[in-house]
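There are 6 protein chains.
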Amino acid sequence: MSNKVAVFRKEHFNAAHRLHNPGWTDEVNNNVFGKCNNPNYHGHNYELIVKVTGEPDVRTGFVMDMKLLSDIIKDYVLDKFDHKNLNLDTEEFRQLNPTAENIAVVIYRILRAHIDTRLDLQVRLYETERNFVEYPA
Amino acid sequence: MSNKVAVFRKEHFNAAHRLHNPGWTDEVNNNVFGKCNNPNYHGHNYELIVKVTGEPDVRTGFVMDMKLLSDIIKDYVLDKFDHKNLNLDTEEFRQLNPTAENIAVVIYRILRAHIDTRLDLQVRLYETERNFVEYPA
Amino acid sequence: MSNKVAVFRKEHFNAAHRLHNPGWTDEVNNNVFGKCNNPNYHGHNYELIVKVTGEPDVRTGFVMDMKLLSDIIKDYVLDKFDHKNLNLDTEEFRQLNPTAENIAVVIYRILRAHIDTRLDLQVRLYETERNFVEYPA
Amino acid sequence: MSNKVAVFRKEHFNAAHRLHNPGWTDEVNNNVFGKCNNPNYHGHNYELIVKVTGEPDVRTGFVMDMKLLSDIIKDYVLDKFDHKNLNLDTEEFRQLNPTAENIAVVIYRILRAHIDTRLDLQVRLYETERNFVEYPA
Amino acid sequence: MSNKVAVFRKEHFNAAHRLHNPGWTDEVNNNVFGKCNNPNYHGHNYELIVKVTGEPDVRTGFVMDMKLLSDIIKDYVLDKFDHKNLNLDTEEFRQLNPTAENIAVVIYRILRAHIDTRLDLQVRLYETERNFVEYPA
Amino acid sequence: MSNKVAVFRKEHFNAAHRLHNPGWTDEVNNNVFGKCNNPNYHGHNYELIVKVTGEPDVRTGFVMDMKLLSDIIKDYVLDKFDHKNLNLDTEEFRQLNPTAENIAVVIYRILRAHIDTRLDLQVRLYETERNFVEYPA
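Protein chains in written order, with my numbering: chain A, 0 to 136; chain B, 0 to 136; chain C, 0 to 136; chain D, 0 to 136; chain E, 0 to 136; chain F, 0 to 136.
A hint or two may mislead.
Treat identical chains as interchangeable: a pair holds within one or across any two.
Simulated pairs of lysine-lysine, DSS-like, Cα-Cα distance not exceeding 25 Å [stated by the list, open to error]:
#	residue 1	residue 2
1	Lys-34	Lys-9
2	Lys-34	Lys-73
3	Lys-34	Lys-66
4	Lys-50	Lys-34
5	Lys-73	Lys-50
6	Lys-50	Lys-79
7	Lys-50	Lys-9
8	Lys-9	Lys-73
9	Lys-66	Lys-3
10	Lys-66	Lys-50
11	Lys-50	Lys-3
Calculated from the structure, these hints are not laboratory results.
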């Protein structure tokens with residue numbers, strides 16, 4: 000059996016967003032996205048759980064220093080998205096619809112570049128307590 | 000001792016908002032409200048707990064039918080605020096800063112008009128898991 | 000200012016119940032209690048929070064030993080209601096409609112007899128995460 | 000790496016049930032199922048989390064419309080089990096013991112018939128906060 | 000009716016402690032405090048909720064700036080107690096038994112000195128999810 | 000598709016610990032472990048979720064009797080670690096640094112010896128709500 004352990008760090012950010020496909024008419028957008036299509040935006044308290052998997056270092060007993068993981072999330076994800084309008088204030092969602100699925104994939108790609116390649120990475124994102132997503136599945 | 004029982008109903012809505020005092024300069028607004036002053040808005044999953052206090056009806060054992068209370072909250076609060084931009088989409092916060100304190104007072108006043116005057120009313124509003132308010136105190 | 004401190008203990012029990020007024024027709028019962036009137040019962044995970052208020056003992060620093068409070072709740076409330084059908088299996092609700100309000104009052108009266116009269120007592124009962132009650136209010 | 004994202008929707012229902020094997024004596028049933036064997040039933044607030052996995056649609060950014068998933072769960076699971084006695088009121092558990100394991104498998108099979116076969120499905124069911132199950136494992 | 004609103008801020012700290020009365024024999028200490036008397040200490044994740052009550056400022060809509068309240072809690076409570084052994088590392092509990100009741104009173108007194116006297120203050124402290132206290136009651 | 004179902008049981012214990020590598024200087028220990036290196040210890044409410052996977056028994060509908068699983072966790076894990084100082088009071092962490100990763104591996108090994116080898120086992124351990132681990136990954 001593998002000696003791998005998964006470690007998880009939970010963080011959160013608050014943001015406004017709107018679901019919208021600019022290639023569609025207002026009517027189609029409204030049919031598909033409902034009240035999430037509101038042109039003046041709505042918002043969420045996003046809860047983010049980052050999972051990192053690998054073998055614990057024998058000297059520290061850590062897969063990864065949780066303080067370092069928390070700092071990476073803060074520097075590269077929270078500082079970018081917290082208290083922002085995802086559609087208007089961020090490069091990532093100027094063209095890309097900020098669904099929970101797409102936000103999770105974007106956060107994964109951001110974090111992947113800053114975490115040791117020997118470690119596996121997965122992102123879970125709660126849009127509400129009742130709706131959440133995980134990437135990669 | 001009183002025979003009064005308090006009953007609580009929890010509901011939630013998602014909204015965008017921005018904290019801003021139009022009588023102040025941008026600099027003062029930024030100093031006071033920090034990142035909550037972002038001109039493009041941010042948002043929250045608001046959790047709302049409505050407390051109604053009175054004597055249970057001997058025939059039903061209810062202080063108030065929770066289904067009715069839930070419907071009142073839905074019709075007069077959630078339909079007005081859910082998936083909205085509080086500053087732009089609602090009459091109530093066109094002039095009034097949508098802090099958690101002010102939102103709670105507004106929701107209290109809305110609900111008070113629809114609940115039997117023999118019953119006491121209190122509103123608790125969670126802006127995040129870590130910041131919440133109660134009115135009347 | 001008073002030196003009083005409130006201490007809270009959370010316990011839980013699972014039970015079946017049915018809301019029903021035997022003095023009413025089936026139609027009235029169904030109109031008033033809806034699906035909670037199902038003749039074959041439904042059930043809940045009840046979460047119970049017992050609040051005891053008084054001055055901490057200077058020798059122990061305790062308002063009341065939480066182990067003792069937990070034992071009292073277990074002996075007089077949980078052993079009576081846990082994994083029971085409230086309507087069929089308990090004396091208390093043979094005539095009394097087991098609404099959350101009535102269950103809270105019954106639990107209060109049971110516990111009041113076993114807790115030092117110099118201490119104040121209050122009961123909060125969650126029927127679901129979204130519906131809960133408190134007695135005395 | 001796969002482009003698959005998992006999306007989760009949380010719903011809940013309240014039901015009564017009793018664990019019982021009709022092929023056994025009362026004594027054996029009592030030894031195996033303990034207080035869960037109470038002939039008058041007990042009950043739970045069941046929390047249900049449905050996980051659907053697939054590639055997001057590039058036009059919507061959705062693996063599956065969460066509103067549609069919620070409606071499917073409501074129409075085919077909640078309307079069948081909510082506020083019911085699982086042993087007496089449902090076809091599914093007339094012969095089958097309503098353990099959390101069996102309820103999860105039954106819900107999985109019900110939902111599987113209504114969800115696009117290109118999407119993977121998994122069900123998590125909380126009987127209490129401390130006891131829960133997942134199918135398929 | 001008063002215009003007062005209560006605002007709440009939730010913070011947390013992790014600490015070791017031991018319940019012990021130095022004026023008692025080991026046997027009495029063990030009888031009264033049980034496994035909480037372990038001479039080598041045990042520990043908790045303490046959740047702290049600070050409630051501040053007053054009238055919202057008409058210019059800000061705030062009873063008190065939550066960022067300021069959070070900073071006060073951090074500077075005067077968390078920096079003192081987080082990741083500490085309450086019995087050994089803190090002045091406050093060198094002579095005083097660190098029960099949840101006493102910790103809440105101590106935190107109240109610390110915070111009271113740093114919060115505007117026109118505002119009311121109350122402290123809730125969770126030692127575990129099942130045991131918590133409130134001061135003043 | 001497999002008929003396997005996973006069942007989960009949640010338990011908790013409270014303990015003190017200190018992160019420390021005796022082969023390092025105090026300065027290195029402090030740099031690596033920060034305030035978790037406090038020589039007088041700090042503590043946590045550990046939440047433990049044990050996952051057991053297998054095919055439900057057709058006679059009971061159980062993968063494993065949750066009462067039995069709870070008793071095994073209580074007898075072999077909680078009685079050993081609850082209200083203890085992990086570094087001083089336990090054999091397991093006299094030489095091994097009690098990080099969440101190492102505690103999860105130790106608990107896995109303890110439980111593995113007491114659970115039917117036809118059943119798979121996984122352990123999730125929450126050190127705080129924001130930091131948790133899973134083994135095997």
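Each hint tested on the structure:
no., hint, verdict
1, Lys-34 with Lys-9, "between (28 Å within a copy, 20 Å between copies)"
2, Lys-34 with Lys-73, "between (30 Å within a copy, 15 Å between copies)"
3, Lys-34 with Lys-66, "between (38 Å within a copy, 11 Å between copies)"
4, Lys-50 with Lys-34, "between (32 Å within a copy, 23 Å between copies)"
5, Lys-73 with Lys-50, "within (15 Å within a copy, 28 Å between copies)"
6, Lys-50 with Lys-79, "within (20 Å within a copy, 29 Å between copies)"
7, Lys-50 with Lys-9, "both (9 Å within a copy, 20 Å between copies)"
8, Lys-9 with Lys-73, "both (11 Å within a copy, 20 Å between copies)"
9, Lys-66 with Lys-3, "within (20 Å within a copy, 29 Å between copies)"
10, Lys-66 with Lys-50, "within (14 Å within a copy, 27 Å between copies)"
11, Lys-50 with Lys-3, "both (12 Å within a copy, 17 Å between copies)"
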